[in-house]
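K.L.:
The whole structure should be built from the sequences, with the hints applied where relevant.
Protein chains in written order, with my numbering: chain A, 109 to 390; chain B, 109 to 390.
Treat the hints as calculated values from the structure; they're not laboratory data. There may be inaccurate statements among the hints.
If several chains are the same, the list does not tell them apart, and a pair holds so long as it fits within one copy or across any two.
Said to hold, decoys possible - Listed next, the in silico BS3-like pairs over lysine-lysine satisfying Cα-Cα at most 25 Å (straight line):
hint, residue 1, residue 2
1, Lys-288, Lys-214
2, Lys-214, Lys-242
3, Lys-288, Lys-319
4, Lys-325, Lys-136
5, Lys-242, Lys-299
6, Lys-242, Lys-209
7, Lys-299, Lys-329
8, Lys-190, Lys-127
9, Lys-242, Lys-127
10, Lys-329, Lys-170
11, Lys-214, Lys-173
12, Lys-111, Lys-170
Protein chains: 2
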Amino acid sequence: MAKRLLGKEVNASLNKKIKKEVLELKDKGIEPAICMIRVGEHEDDISYERGASKRAETLGVKVIKRVLPLDIEERELVQVIKEANMDASIHGVLLFRPLPKHINEKRILEHLDPAKDIDGITKTSMASIYSGDKEGFPPCTAAACMEILNHYQIDLTGKKVVVIGRSLVVGKPVSMMILKENGTVTICHSKTEDLPSVTREADIVIVAAGKARIIGKEYLKEGQIVIDVGIHVDENGKLCGDVKLEEAEELVEGITPVPGGVGTVTTSILISHVVKAANRQR
Amino acid sequence: MAKRLLGKEVNASLNKKIKKEVLELKDKGIEPAICMIRVGEHEDDISYERGASKRAETLGVKVIKRVLPLDIEERELVQVIKEANMDASIHGVLLFRPLPKHINEKRILEHLDPAKDIDGITKTSMASIYSGDKEGFPPCTAAACMEILNHYQIDLTGKKVVVIGRSLVVGKPVSMMILKENGTVTICHSKTEDLPSVTREADIVIVAAGKARIIGKEYLKEGQIVIDVGIHVDENGKLCGDVKLEEAEELVEGITPVPGGVGTVTTSILISHVVKAANRQR
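P.N.:
The structure is reproduced here in structure tokens:
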């Protein structure tokens with residue numbers, strides 16, 4: 109039976125570190141603050157906003173919420189972003205995406221100050237993740253995967269890591285971070301032929317396929333570590349991941365459950381980025 | 109015996125296309141021009157400069173050479189770059205690197221206009237390659253690998269492509285380009301364990317290890333396509349690649365020779381980027 113790699117265990121040590129840094133900042137008269145910019149009332153956004161706000165509060169980070177109407181004009185949204193850039197009491201900006209279709213997302217992102225881009229969505233942050241320097245912040249979900257591996261002291265040097273998914277939110281950034289940790293990375297996707305034969309060769313599998321319970325035991329082997337990035341609601345209204353958890357955990361060595369895995373860590377990572385940004389902006 | 113994938117064959121069709129585009133530009137009164145900025149008299153730089161200048165001349169592209177002393181100050185080099193940015197008759201800038209140690213390369217690159225960055229070295233270009241949009245130019249060597257595969261109609265969809273090397277000049281950009289063409293990409297490097305077992309699984313192997321003749325038949329299998337990015341001078345003073353050509357070509361299906369492979373195509377790609385940049389700047 110696999111060891112469950114639990115978000116709460118990772119968070120226990122991560123949050124302790126964050127709290128300490130927040131106290132140090134407050135001693136210097138700085139209250140780290142995140143500005144969350146949400147356009148419309150998308151359910152996923154509200155849910156993430158709620159989780160992140162709660163986590164921020166627990167850790168002593170201030171939350172400023174900007175909720176904007178769905179029919180906001182592009183130039184008005186730009187104005188809100190510019191205000192957040194200019195406001196020295198705001199250290200990190202989280203912009204919920206996707207934005208409504210009448211807004212050119214790419215053009216919007218050009219206005220966000222890379223120093224406050226705590227979810228790695230600007231060009232500058234992307235170039236940083238890609239090149240492996242330490243300037244920009246990686247997307248929080250990708251960073252959460254790495255934090256879990258790091259917490260459980262799973263060294264990546266020389267290991268075969270297979271990533272399923274090539275998105276800019278998880279697949280690509282986590283692959284670049286694995287390379288930086290000296291892992292040998294294989295990036296798979298919807299066009300990969302005979303995916304099970306590829307994933308079975310891995311020491312570590314990071315699943316960000318975006319489809320509920322598509323990875324069963326035929327994709328896995330004994331001794332593997334599985335990080336499941338997916339979050340879905342199944343036909344019974346229960347949360348589940350991209351991996352068939354019950355099936356997988358009978359076979360592999362370690363696995364992150366859904367719920368209680370990557371998602372839980374992501375919000376702590378977000379807040380840790382705010383704190384890091386506040387430290388850099390001093 | 110493997111088919112040799114020859115740079116001259118790729119160039120024959122690539123150069124024809126470039127010449128046509130140059131003529132079309134000249135008809136519109138535009139003479140596409142590249143500015144090559146070289147600091148010092150590094151032999152490799154001079155050799156590349158010579159090859160690229162000759163290719164440019166053949167294809168009807170103007171070359172402006174700026175040769176600067178090794179002890180140039182950073183602000184003077186920035187000035188040269190700014191002049192090239194401002195000069196509307198220059199469409200692409202090639203800056204030879206590495207720069208001397210007293211110059212902060214990263215700071216220098218911030219001054220180069222991304223629109224004229226024909227070798228993909230600015231942050232904007234990197235973000236573009238990484239995200240897969242079409243804005244920036246990829247590094248010419250990476251693009252040359254793709255051009256060869258494309259010329260010989262080697263479809264990457266679903267194929268297993270193993271890249272040896274994780275540099276920003278070849279390994280990373282070519283991996284991103286393979287992903288975009290729907291290949292399944294594995295990025296290997298000096299820390300990869302049991303490299304031969306990884307490369308033998310590939311349909312296509314792109315070798316950018318940067319070490320002379322380290323890839324022999326034990327890394328390869330029948331039916332593979334091998335792209336050899338390395339260029340070295342061996343102990344007998346002869347040019348060779350990262351792959352043991354004689355050994356490999358007895359086994360695999362197709363291979364780029366060194367000399368006469370990737371390097372030959374790289375200079376044509378460089379000139380094609382200048383022409384593309386000139387078209388965009390109209």
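K.L.:
Confirm or reject each hint.
P.N.:
Hints, one by one, checked against the model:
1. Lys-288 <-> Lys-214: So Lys-288 and Lys-214 pass the 25 Å test across copies only (19 Å; inside, 27 Å).
2. Lys-214 <-> Lys-242: both (23 Å within a copy, 13 Å between copies)
3. Lys-288 <-> Lys-319: between (28 Å within a copy, 21 Å between copies)
4. Lys-325 <-> Lys-136: Neither way: Lys-325 and Lys-136 sit 52 Å apart in one copy and 62 Å across, limit 25 Å.
5. Lys-242 <-> Lys-299: between (32 Å within a copy, 21 Å between copies)
6. Lys-242 <-> Lys-209: between (33 Å within a copy, 21 Å between copies)
7. Lys-299 <-> Lys-329: both (22 Å within a copy, 23 Å between copies)
8. Lys-190 <-> Lys-127: neither (29 Å within a copy, 46 Å between copies)
9. Lys-242 <-> Lys-127: within (22 Å within a copy, 42 Å between copies)
10. Lys-329 <-> Lys-170: neither (44 Å within a copy, 58 Å between copies)
11. Lys-214 <-> Lys-173: So Lys-214 and Lys-173 pass the 25 Å test inside one copy only (22 Å; across, 36 Å).
12. Lys-111 <-> Lys-170: Cα proximity of Lys-111 and Lys-170: none, with 35 Å in one copy and 64 Å across.
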